[in-house]
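Enquirer: Chains as they are written, first to last, in the working numbering: chain A, 4 to 115; chain B, 22 to 462.
These are calculated hints, taken from the structure and not from any lab test. Not one of these hints is a red herring.
Just some of the chain A residues that point at chain B, by a computed CB distance under 10 Å:
# : residue
1 : ASP29
2 : ARG37
3 : TYR103
4 : GLY109
A few chain A residues that don't get close to chain B, going by computed Cβ distances all over 10 Å:
# : residue
5 : ASP47
6 : GLY75
7 : TYR80
For each residue, glycine too, the CB sits at the ideal point set by N, CA and C.
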Amino acid sequence: MSETDPSPTAAGADDGRRWRGPSFEDRMATVDFRVGDRAHITVDADVCRSCTTRACVTACPANLFAPTADGGILFNYEECFECGTCYMVCDHEGAITWTYPDGGCGVVFHHG
Amino acid sequence: MPGATTPDASSFDAIVVGAGPAGSAAALALARAGRSVVMVERGPFPGSKNVYGGVVYGRVLDAIVPRWWEEVPVERWVVRRSTMVMTEAQSLSIDYRSEAWGAAPFNGMTTVRSHFDSWLATKATAAGATLLTATVATGLVRDGGGRVVGVRTDRDGAELRAPVVIACDGVNSFLAKEAGLAPAPDASHHTLGVKEVLALPADVIDERFGVRGDQGVDIEMLGCTRGIPGGGFLYTNADTISVGVVVSLPHLAESKVRPEELVADLKDHPAIAPYLRGSSLREYAAHLIPEGGYDTMPTLVADGMLVAGDAAAMTLAAGIWLEGVNFAIGSGHAAGVAVDRALAVGDTSARGLASYRSALEAQFVLADHKRLRRAPALVLSERVQRRYPGLLCDLVEGMFTVTNPTPKRGGLRITRDAATTHGVKLRQLASDTLRAMRIFG
Chain A
4 MSETDPSPTA
14 AGADDGRRWR
24 GPSFEDRMAT
34 VDFRVGDRAH
44 ITVDADVCRS
54 CTTRACVTAC
64 PANLFAPTAD
74 GGILFNYEEC
84 FECGTCYMVC
94 DHEGAITWTY
104 PDGGCGVVFH
114 HG
Chain B
22 MPGATTPDAS
32 SFDAIVVGAG
42 PAGSAAALAL
52 ARAGRSVVMV
62 ERGPFPGSKN
72 VYGGVVYGRV
82 LDAIVPRWWE
92 EVPVERWVVR
102 RSTMVMTEAQ
112 SLSIDYRSEA
122 WGAAPFNGMT
132 TVRSHFDSWL
142 ATKATAAGAT
152 LLTATVATGL
162 VRDGGGRVVG
172 VRTDRDGAEL
182 RAPVVIACDG
192 VNSFLAKEAG
202 LAPAPDASHH
212 TLGVKEVLAL
222 PADVIDERFG
232 VRGDQGVDIE
242 MLGCTRGIPG
252 GGFLYTNADT
262 ISVGVVVSLP
272 HLAESKVRPE
282 ELVADLKDHP
292 AIAPYLRGSS
302 LREYAAHLIP
312 EGGYDTMPTL
322 VADGMLVAGD
332 AAAMTLAAGI
342 WLEGVNFAIG
352 SGHAAGVAVD
362 RALAVGDTSA
372 RGLASYRSAL
382 EAQFVLADHK
392 RLRRAPALVL
402 SERVQRRYPG
412 LLCDLVEGMF
422 TVTNPTPKRG
432 GLRITRDAAT
442 THGVKLRQLA
452 SDTLRAMRIF
462 G
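Model the full assembly from the supplied sequences, consistent with the hints where possible.
Expert: Written out as C-alpha cells, the structure is:
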C-alpha cells in the first residue's frame, strides 16, 4: 500500500513535478498474477532488431518490454494484463506472437 | 440434430465463449428457453479478466432480471454526473445531479466487474447453464463444409460440440478473427484504458463528493491526456475510487509517454488531487477498449456462429456517452434469443441466425451505434482534443476574471481572443458545432 498524498519533498520526481505516485514495482505488486508455466506471448528478437519505433516498450501498461544492448527486445510474460496493446501497436509482422495464458492462469482482476 | 437434447457431456445446444456480461446474458436467454448451454470462461471466475471504468446502466436488465436493483452487487448509484474539460491549471465542469437517479429503477451504478460479472453468470447457471471456468477456447471446430460446430479447449485438448457457438470472448476476440468475421486488428480503432482503484473510507468519499449513503459520482474528463486523444474518468465506489485515463492506442505509442504517467498527471491535477488525498492504491489495471463504433464492427453471424459484446466492437464511446456493459448485455441477450429461434426451426446457418442483427437494429444496441457512428472520429479529433478544452477554459476565465480598472470585454471579444490563443478560427468553431449537432442532435 502506498500513500498517494502529494509530498513535494518526496524523492523520485524526475521532471521537476510533484511526487508521481507509487513506484512501478509497488503499482504492479497490487495486481494478482497466477503465473502459468507457458509463456503466452513470445517475441522474435531477430525481427525486433530491425524495428525503429519500439512502440511496445513505452505503450505496454505493465512495462514488460525492455530493449537490450544488442538492439533486441527482452520480454517477460509473467506480469501481463493480457490487454493486447503490444501486438496492436507492433507494426512488424511476426515480431509478437500473442495468445491467452492457459485456463485459470494469468492476471486476476479483483476490482476491474 | 439441432435442437436435440444433450446426447453426452461434451455436446450442447449452444456454446458461449466468455462469461462476461454478453456471454452470461446469452447463456441466460438460452437456458431459460430450455436449451443446454455451456459457458467457457478462461479466468478462474467470471469478471477476473475484465476491467472497465466504470458505470453500468442497468435498465437493459429490466427484461432479464425483474427488480434487478434489489440484488445486483452495486457499489454506488450515480446521482451526480460531471463532465469536466481541463488544461494543466484550469477546469470547467458541467455538473448534473438528480434525485431520480438515486431511486428505482435508477440510471447508472458503479460496480466491480468481479462482483457484477459473477452475479450475472450465477443467474445463467441458476437457470441451468453450465459454467466451465479456467478453460480457454483455443479455436473453432468446423465440419467439412466450413460451418462452426464447436470449440477446442485447453482442457487436455477436449472439444465441445454444438450447432452454434456464440463468441463473447472480448476485445481481442480470437474466435471472430479465426472465423474470418473480424478484420485484422487495427490499433486505430482501439483505446487503452488504464485505471487505479484507490482505497478511501466511505464517509470521506461522501464528504468530498457531496453525497451520502449509496449515492455516487461519475466524472468524465477531456483535456487531461497531454494532447493524446482520449480522456479521463473518476468514479466513486463504496470505499474506493476508480480513476484513470483512456487513450488512443496509436497516438499513445507515437507519444512515447508511459500510460501510468498519464494517470499520475490526472491524480496530480489541482481539480482532482484534493479528492484523492490520503488514498492508497488497491489495484492497478489496464484493458483495451474497442472504440471504433458502428463502422468497425465485424460481421455478426456466420454458419453456426454469432459474435456479441466487445468481441463485436459494441462499446459505445461517443464522447458524452460512454457505455459498454449494457451493450454487451443487450447484444448477448439478443444472440441467445436468436439462437433459440434458429434451433427451433433447425436452421443455424448464417441465414437462420440473421434475426440477431435485425433484433439489434430494432433496439438500442445497433440503433444507438448507427446514429452515433460519426461520433468517435469527432470526439478524438485534433481540435476537440487539443484546442477546445483550453479555449473553453480561457473563455470562462475571461468571463469571470475581474480586470479592474480595465473595463469588461464583451463575450464575442473574449471568444475571439480565446479562439486566437488556441489557433482556432471562428469558422472552424461554427463548423464543429454544426457537426456535433448533426451527430448528437
